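Colleague: Take a look at the letters that make up each chain.
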Amino acid sequence: MKAACPETHPHILLAEDDSDLRELLDFALTQAGFLVSCCDNGLQLLEMLEQNSTYDLVVSDLRMPALTGLEVLESQYDNRQRPPFICMTAFGDQQTHDMARRFGVAATIDKPFDLDEMIKLVQTTCRRQPNHDLPVRNCP
Amino acid sequence: MRLTLKITLAVLLGIALIFSIYSYLSIQREREQLKKNLSREARQLGESLRVMVTEIWQQRGEKEAIGFLSRANKIHSKIMVRWVWIEKDAPEKYKPRVPLDQLDDLLNEETVALLAGSKQGHDFLLTYLPLLIDGNRIGAIELTESMDEMHDYVKESLRRSAIVVGTMVVSSLLFVGVLGSFWINRPMRRLRDQAERIGTGDFSAGLNLSGSDELADLANTIDRMRSQLAEARKAEQAANLEKFEALEELRHTERLATLGKLSAGMAHELGTPLNVISGRAKLIGSARLSAADVCRSAKIIGEQVDRMTAIMRQLLSFARRGEARKQRVELNALLQGVLPLLEPSAREQQVELLQGEVGPPLPVNADPGQLQQVLLNLALNGIQAMPDGGRIELCCAAVADVKPPETVSLNPAGWCCLQVRDQGNGIVAEHLKHIFDPFFTTKDVGQGTGLGLSIAYGIIEEHGGWIDVDSTPGQGSCFTVYLPLADSGEIT
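Protein chains in written order, with this note's numbering: chain A, 1 to 140; chain B, 1 to 492.
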């Protein structure tokens, strides 16, 4: 699901292997005014990141087939141009949290999370980015 | 009874022998006495006759004297009297009944008494009293007495002795039989029965033999032994029960440890559907959804709840401590049931979980919960051995040609196996021989109890099987659980 106005709406790359959660996040983020691109495994995420450097934010699950979110993060560690990452991790997995932070993740969020909280976190993270205004809910 | 009979016969034989010897000696003595008496009588008669014959011979001559003897012979019915000449050429009528060489003493004018037998088999006592005639011829009065009477007497004595011995034997047999049965057979039978009862493991009944003889002593000893055995068995049973309970407890603990490992994966699994549910609920609550989206969200919520329920059910079914009971278990089905439990843990470690080809049904008599635990334990070990991901394959198959280790005593119709093959670190040779030892672990402190494989081995041993392991360090390990196939018609 893609929003129509990439200039005004931050572009989010969503990586999640569970189709139901992916669909939900896609729907909610789009509703919240973001432009959302989706993929369902780590390898695809990496490919999409390499093909297109215009993403404003990556929301990624850490545990995914092919390549894990951590592995993608690690491979992008030296890339100055990489967008900020928000990682979704399993509840209580402190070790993964710590590792993700070491790889320079912008934020981590435990599953199950509150949808509003997630949107808020996405908005906050995007706001820290110099190139973008606050996302608006409706595309003009 | 045989012992009593033997003792009785031995005693009776002794008594009969002694009595027979005694009877024989008595009869011999009586016979000698009888013979002496007979001889004395004959001698006395002969002496009287000799005096008379001498007188008649001197007064009236030879013919009268011999005639006198003939008359005297007719008077004595039992003793035959006749005149004999102790000369070689004596006329046949006056020849003694025995050869002359046996009568040498007569030449010295001594009386001769001897026994002689007739051709008909009768015995006679012959007494010769010498008589010097005309100073140079020697004649003798021959007295012949039949010994038949004495023989009859001896025979009668023998018969009586035999009757006494026979009666004694028969009555003793009866008497000893009754007493032996009462004193020996009955208590012996009770002792034997008691020994047999103890032999079969029945220590319930005591044995009370009255009296103070050896058998009563033996009975008391057996009874003491019975009490000691009963106590020992009771103690052993208590120890076994304790051991069994401890083992059960240990297995349960290990089961919980396995459950803990599984739960970590399951918790991860629950996070996603919970997320979807809460998100969808929120969307519905925001009232910004179209009617179709609301319906769709509700449907998704329902699906996510089903997904969570399935996860919970799998966990609970494993966690529930079921009664250890063997039943008919199909290995393909068991394997299928274990896979969903392992999936989250495998996915977490980037491990690909594969199931081997599903073959024909493999029925075994087993406790499904315990087999599940063994399989989970082996598979989780395999998953843990692949920190960088890999592939783990679970399969089961019938085994045609396998040689059980010596410790396996079963000889079933066939064997089947469950196999867990990983691509993990493998096990080094020096660890390989210890992996089934309790508390042996190569994991970090707090990561493993070191009991999982030991318990798995115990479980499989209880099922009449064994676990084989084949491992190459750096390439992976393959654990094979061998189990006896259940007979096709067997129902337990």
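Keep in mind that the hints are not guaranteed to be accurate.
[Claimed, not checked] Computed list of chain B residues with no C-beta within reach of chain A, every gap over 10 Å:
#1 Ile184
#2 Gly271
#3 Asn275
[Unchecked claim] If the Cβ cut is set under 7 Å, some of the chain B residues that face chain A in the computed set are:
#4 Gln44
#5 Leu45
#6 Ser48
#7 Arg50
#8 Ile300
#9 Ile301
#10 Asn332
#11 Ala333
[What the hints assert, rightly or not] Pairwise CB distance ranges (calculated):
#12 A/Glu117 with B/Ala310: 25 to 35 Å
#13 A/Arg127 with B/Asp388: 33 to 43 Å
#14 A/Ala107 with B/Thr407: 57 to 67 Å
#15 A/Pro65 with B/Gly285: 30 to 40 Å
These are computed hints drawn from the structure, not numbers from a lab.
All values reported here derive from a predicted model rather than from experimental measurement.
Glycine is no exception: its CB is placed at the ideal position from the N, C-alpha and C atoms.
Colleague: Sort out which numbered hints this structure fails and list those numbers smallest first.
Modeller: Structure breaks hints 2, 3, 4, 5, 6, 7, 9, 10 and 11.
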